[in-house]
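Peer 1: Chains as they are written, first to last, in the working numbering: chain A, 2 to 108; chain B, 1164 to 1276.
Hints in this document: simulated from the structure, not taken from any laboratory.
It is possible that some hints are incorrect.
Said to hold, decoys possible - Calculated pairs, DSBU-like style, for lysine-lysine (alpha carbon to alpha carbon, straight line, at most 30 angstroms):
1. A:Lys56 - A:Lys69
2. B:Lys1207 - A:Lys69
3. A:Lys69 - B:Lys1180
4. A:Lys55 - B:Lys1207
5. A:Lys56 - B:Lys1207
Claimed, not checked - Chain A is faced by these chain B residues, among others (derived, beta-carbon under 8 angstroms):
6. Thr1183
7. Leu1190
8. Val1194
9. Ala1205
10. His1211
11. Tyr1213
12. Phe1238
13. Ala1250
14. Leu1253
15. Gly1268
Just so you know, these numbers come straight off a predicted model, no measurement behind them.
Cβ atoms here follow ideal geometry from the backbone N, Cα and C, with glycine treated the same way.
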Amino acid sequence: KNEVEQSPQNLTAQEGEFITINCSYSVGISALHWLQQHPGGGIVSLFMLSSGKKKHGRLIATINIQEKHSSLHITASHPRDSAVYICAVGGAQKLVFGQGTRLTINP
Amino acid sequence: DAMVIQNPRYQVTQFGKPVTLSCSQTLNHNVMYWYQQKSSQAPKLLFHYYDKDFNNEADTPDNFQSRRPNTSFCFLDIRSPGLGDAAMYLCATSSAGGYYEQYFGPGTRLTVT
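Produce the entire structure from the sequences given, and follow the hints as far as they go.
Peer 2: In structure tokens form, the structure reads like this:
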């Protein structure tokens, strides 16, 4: 069993829909990271959080430390949100990555 | 302003011919990472430097080496590339590890012919 599990692995939705991507982890962490990777592109850090909730534009990330669970939400989804979203948990010096969620938003 | 720069963006090498990938950063971060990412897979950490301290992952092949001559630069050397080494190689930096935001470079896509 992977230390970081994401669900779903693939998600297709229509423009405007509310999107939720889930991440569960089994290791102790210092912080949890949500990353975005567009096809053929580099990785961009969206959020880093160790408690509660963060919001940036249409993106919201939450974490429940007791349940070892985090969610990434996208409101009013747009085709440009199509990308792979990766959850990673941070230890002392390095990250442990989930397998990623491939999101496709159709116009 | 580019913060983590990787050169070249695309590299083609022949089977068995040594190749070096370059990463530089303008963030003055202590930690630099090299990841290998194959199609539709999560990045796989090869090794990282905390300052001058080198940390090799247990499953990183001996074929892969790294150098960090100063804070700004880090190199990935592949001594004898095989077809299985074709991948995207990502460099990332962090001020002090997993509790801090990681900044990724654009990656170098390596093709082995």
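Peer 1: Of the hints given before, which are not true for this structure?
Peer 2: 3, 6, 7, 12 and 13
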